[in-house]
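Heads up: the sequence lines are chains A and B, in that order.
To convert, note that position 109 of the first sequence is 109 in UniProt numbering; the numbers rise steadily by one, no gaps.
To convert, note that position 252 of the second sequence is 252 in UniProt numbering; the numbers rise steadily by one, no gaps.
Do not take every clue at face value.
Okay, derived cross-link-like pairs now, DMTMM-like style, lysine to aspartate or glutamate, Cα gap no bigger than 20 Å in a straight line [stated by the list, open to error]:
id, chain 1, residue 1, chain 2, residue 2
1, B, K154, A, D253
2, A, K154, B, D151
3, A, K154, A, D66
4, B, K154, A, D151
Derived CB-CB ranges, DEER-like [what the hints assert, rightly or not]:
id, chain 1, residue 1, chain 2, residue 2, range
5, A, P142, B, D147, 25 to 35 Å
6, B, R204, A, A104, 38 to 48 Å
7, B, A185, A, F272, 45 to 55 Å
8, B, R150, A, K268, 49 to 59 Å
9, A, K177, B, D147, 51 to 61 Å
10, A, G205, B, S27, 50 to 60 Å
11, B, E46, A, S144, 49 to 59 Å
12, B, S27, A, K268, 46 to 56 Å
Short derived list, chain B residues pointing at chain A, Cβ under 8 Å [to be verified]:
id, residue
13, L20
14, K24
15, D84
Don't read these hints as lab results, they were simulated from the structure.
Yeah, the Cβ is synthetic: ideal placement off N, Cα and C, and Gly gets one too.
Number of protein chains: 2
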Amino acid sequence: MLYLIGLGLGNERDVTLRGLDAIKRCSKVYLEAYTSVLGVDVRAMEALYEKPVRTCDRAFVEQGVDAVLDEALSEDVAFCVVGDAFAATTHSDLVLRAIERGVAVRPVYNASIMNAVAGTGLSLYNFGKAVSICFFTQTWRPDSFYDLIRDNRKSGAHTLCLLDIRVKEPTVRALCKGIEEYEPARFMTAATAAKQMLEVEESRGEGVYGEDTMCVAVARIGQDDEKIRACTLGEMRRVDMGAPLHSLVLVGDVMEIESAMLATHAVKPEDFYDGDAPCQMLDG
Amino acid sequence: MLYLIGLGLGNERDVTLRGLDAIKRCSKVYLEAYTSVLGVDVRAMEALYEKPVRTCDRAFVEQGVDAVLDEALSEDVAFCVVGDAFAATTHSDLVLRAIERGVAVRPVYNASIMNAVAGTGLSLYNFGKAVSICFFTQTWRPDSFYDLIRDNRKSGAHTLCLLDIRVKEPTVRALCKGIEEYEPARFMTAATAAKQMLEVEESRGEGVYGEDTMCVAVARIGQDDEKIRACTLGEMRRVDMGAPLHSLVLVGDVMEIESAMLATHAVKPEDFYDGDAPCQMLDG
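Make the full structure from the sequences, and use the hints.
Written as structure tokens, this is what we have:
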């Protein structure tokens, strides 16, 4: 049996009892650690699980996972995922490969940013399609999110913007020379996302949103130091949300209760960066 | 402190360790039990929590909750919610009232149908606004979901349809005479939802969807006997998804991997009702 276990958003204690029961039953525990990251070190998980945890990077999940599936044919194996079990498409791919090999799969659901974003007070019912915002480089400035946001705004829907995470990305040198060398981990801030979004609006010019559009940022949601701040997109370029992970919601039409909830999260003077916000660009 | 604790989808062991830690710390534990229901009796929760759980109906939450907030001014109080902490607008209302009274609120996130629906293999990124489908009566056949589904389908988005739950609804006699008397609990089946949706298409006639539109139903998601079945909306009228709770997704444009995942959930002959599907209408 392959248990596909959502670990939730914050630390090792966000696993469910059902998830922990399954992990305790398993002979091997793998942790997918590149589509998101938990707020604690893997050693904290190992202490709770009372067994070793093997961390998997993208290369392992995409190429080396067949060995895990072979193990799961005869043993109980836990494949742990930050957030929910099905948070990323990669996990569907894993399920399909498992079915192909005759491995039974059991998911254990948990919170992900896709539903915890309701902590902003915006109703999940009123969200349209989610978008991803990637780090712009000198030569690569993908703006396909703009069209999706346009569709959402036409129907008054909110847009959850998931912000780029670069964990264990090979350096250019590593790619050229076939050596193992990684870029430092980078996480997009809400401020950087706001800058990039406004830059795209300026170049596309269709008036899908602007500096006065309301948005709300969440940081470290589900952790003890969770931070939620609502302001205009123009202001968000200078709001300091602190440590990762950040997400940003572009607000659509709001009901009265959503508006009242956003008001409780309004930015305060101390939320702003002194001077310029660090715009975490990756050079191409 | 008021802890707003998501209990997850299945049984008492779907609570997170963070949630259980909070419950153990609290002097009082309340359970909101009308926007959704857990697959186990409250006694199973009490055994796990080692303290009594007070079940709250809609009237209590909407009118009597101020006493709970007063308690939370001086004690740690747990307000438990099936699914996620912010699954329903009611809970935002509770947070606003708490803030007004100076009560600190801490949410504990968990899975809800809004993200666990990804267990179908459809990507959460590609969902548009969610809709609610209410039991039709002779005189009340609300069809506002139709316009929302139209918007979603224009942009190729999937639509999560949340199906009516009638728990502890006062009888007409109770409303007239001011006595305490309740209708038996009723839960809409995916088959009934499909019938109602096709009836609305027939009367509105805009061709937003039809009998050949692909859909996928989920039943008891997150529980050990979770069932997921994909077929056309016409077929879904006769598919037996078993015990509650059911939800239905009207499928939009699919990526290759979503299509492959849906194929693993295709209906089989034994999934169909013998004879006619019970169409759970409430008479007006």
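To see whether the hints hold, each was checked on the structure:
About 19 Å separates the Cα atoms of K154 (chain B) and D253 (chain A), which keeps this hinted pair within 20 Å; it holds. A distance of roughly 9 Å separates the Cα atoms of K154 (chain A) and D151 (chain B); the hinted pair therefore holds under the 20 Å criterion. Straight-line distance between C-alpha atoms of K154 (chain A) and D66 (chain A) comes to about 44 Å, which puts the hinted pair past the 20 Å bound. The suggested pairing of K154 (chain B) with D151 (chain A) holds, with an alpha-carbon distance near 9 Å, which does not exceed 20 Å.
As the Cβ distance of P142 (chain A) to D147 (chain B) is approximately 32 Å, the hint placing it in 25 to 35 Å holds. Our hint of 38 to 48 Å for R204 (chain B) and A104 (chain A) holds, since their Cβ atoms are close to 43 Å apart. Separated by about 51 Å at the C-beta atoms, A185 (chain B) and F272 (chain A) satisfy the suggested range of 45 to 55 Å. At roughly 41 Å, the beta carbons of R150 (chain B) and K268 (chain A) sit outside the given window of 49 to 59 Å.
At about 57 Å, the CB distance of K177 (chain A) to D147 (chain B) agrees with the hint of 51 to 61 Å. Checked against the hint of 50 to 60 Å, the C-beta distance between G205 (chain A) and S27 (chain B) comes to roughly 58 Å, which is consistent with it. For E46 (chain B) and S144 (chain A), the hinted distance range of 49 to 59 Å is satisfied, since their beta carbons lie about 51 Å from each other. Here the CB-CB span from S27 (chain B) to K268 (chain A) is close to 33 Å, at odds with the stated 46 to 56 Å.
The interface hint given for L20 (chain B) holds, since its Cβ lies 7 Å from the closest Cβ of chain A, which is under the 8 Å cut-off. With its C-beta approaching chain A no nearer than about 12 Å, K24 (chain B) sits outside the 8 Å limit, and its interface hint is violated. Because the smallest distance between the Cβ of D84 (chain B) and any Cβ of chain A comes to about 5 Å, under 8 Å, the interface hint for this residue holds.
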